[in-house]
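Engineer: Listed below, chain by chain, are the residues.
There are 2 protein chains.
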Amino acid sequence: MPRIIYLASDHAAVELKAALADWLRGEGHDVRDLGPETADRVDYPDYGYKLAEALAADAQATGIALCGSGIGISIAANRVAGCRCALVNEPVSAALAREHNDANAIAMGARLVGLDMAKACVEAFLATPFAGGRHAGRVEKLTNPPG
Amino acid sequence: MPRIIYLASDHAAVELKAALADWLRGEGHDVRDLGPETADRVDYPDYGYKLAEALAADAQATGIALCGSGIGISIAANRVAGCRCALVNEPVSAALAREHNDANAIAMGARLVGLDMAKACVEAFLATPFAGGRHAGRVEKLTNPPG
Numbered sequence: 450m451p452r453i454i455y456l457a458s459d460h461a462a463v464e465l466k467a468a469l470a471d472w473l474r475g476e477g478h479d480v481r482d483l484g485p486e487t488a489d490r491v492d493y494p495d496y497g498y499k500l501a502e503a504l505a506a507d508a509q510a511t512g513i514a515l516c517g518s519g520i521g522i523s524i525a526a527n528r529v530a531g532c533r534c535a536l537v538n539e540p541v542s543a544a545l546a547r548e549h550n551d552a553n554a555i556a557m558g559a560r561l562v563g564l565d566m567a568k569a570c571v572e573a574f575l576a577t578p579f580a581g582g583r584h585a586g587r588v589e590k591l592t593n594p595p596g
Numbered sequence: 450m451p452r453i454i455y456l457a458s459d460h461a462a463v464e465l466k467a468a469l470a471d472w473l474r475g476e477g478h479d480v481r482d483l484g485p486e487t488a489d490r491v492d493y494p495d496y497g498y499k500l501a502e503a504l505a506a507d508a509q510a511t512g513i514a515l516c517g518s519g520i521g522i523s524i525a526a527n528r529v530a531g532c533r534c535a536l537v538n539e540p541v542s543a544a545l546a547r548e549h550n551d552a553n554a555i556a557m558g559a560r561l562v563g564l565d566m567a568k569a570c571v572e573a574f575l576a577t578p579f580a581g582g583r584h585a586g587r588v589e590k591l592t593n594p595p596g
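Chain order of the listed sequences is A and H.
Counting in my numbering, the first sequence runs from 450 upward without gaps.
Counting in my numbering, the second sequence runs from 450 upward without gaps.
The hints are simulated quantities; they were obtained by calculation from the structure and are not laboratory data.
Just so you know, even glycine gets a beta-carbon here, dropped at the ideal spot from N, CA and C.
Some hints could be false.
To be verified - With a cut-off of at most 27 Å between alpha-carbon atoms, the simulated DSSO-like pairs for lysine-lysine come out as follows:
# : chain 1 : residue 1 : chain 2 : residue 2
1 : A       : Lys568    : H       : Lys499
2 : A       : Lys590    : A       : Lys499
3 : A       : Lys499    : H       : Lys568
4 : H       : Lys499    : H       : Lys590
5 : A       : Lys499    : A       : Lys568
6 : H       : Lys499    : A       : Lys590
7 : H       : Lys499    : H       : Lys568
What the hints assert, rightly or not - Label pairs and their in silico Cβ distance ranges:
#  : chain 1 : residue 1 : chain 2 : residue 2 : range
8  : H       : Arg560    : A       : Ala576    : 15 to 23 Å
9  : A       : Gly477    : H       : Asp471    : 46 to 54 Å
10 : A       : Trp472    : H       : Gly477    : 30 to 38 Å
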């Protein structure tokens, strides 16, 4: 089933972002690349926030956040309560992020994860439904942080 | 050098939390276990928020956040702007989290990472200084999220 998939990165992950975008478009998804377009230096929080706000505004959409390690952009994305972004480097975590946490984004590090592993993570993420049940109340708490 | 280290988890990671706490106390650190104390079911966001707020209140402290996969509690912890929590499962990421992101917490999954790997991640995290420089402005942006 075609999905709306937003991608965002920093300069360190522009190539991985382009490769994943091409692949996902080839799979028939509606891919929306939030940038950057070049490898000029940018700040990962800017793109993490952009992605998270796009996801907060569209409950049906999925996001992929990329930077050198995946760490910085995942921290930024999770600053926005409507985004639940799981930093992953293998498909077991990508599936658990959907099943237990109803994550709407995964983050990966372009300097740590190769293209085939990144694709395997995205496939597991897209294929796995949220389990609901006892997990639903916990996810609800993630949407209502303190302060 | 002895450090103040807060630990928090959910029920799935109580054993790993206790093992890490014992080890870190043995290493001379000031370990503060924020719970839970038993394996009775709890919600990971409650403990993620508790840890993040402790770190937001003490710039010198370090945190370790644990749940089944590490995903849920890392998302929760990063809801609090004073917390920069990196989900890791190997020491390269744990070191990069300090060097590039000035992370003050790491999250790990008790069902995915064994005790020796968790210790290696904590050791890398505690041993690595923040690089500053071009990274400082990005970390500053993590402290000032939109909205």
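Engineer: All the hints need checking, so say for each whether the structure fits it.
Structural biologist: Quick rundown of the hints versus the structure:
no. : hint                             : result
1   : A:Lys568 to H:Lys499             : violated (35 Å)
2   : A:Lys590 to A:Lys499             : holds (23 Å)
3   : A:Lys499 to H:Lys568             : violated (35 Å)
4   : H:Lys499 to H:Lys590             : holds (23 Å)
5   : A:Lys499 to A:Lys568             : holds (22 Å)
6   : H:Lys499 to A:Lys590             : holds (13 Å)
7   : H:Lys499 to H:Lys568             : holds (22 Å)
8   : H:Arg560 to A:Ala576: 15 to 23 Å : holds (20 Å)
9   : A:Gly477 to H:Asp471: 46 to 54 Å : holds (52 Å)
10  : A:Trp472 to H:Gly477: 30 to 38 Å : violated (50 Å)
Violated hints, in rising order: 1, 3 and 10; the structure is consistent with all others.
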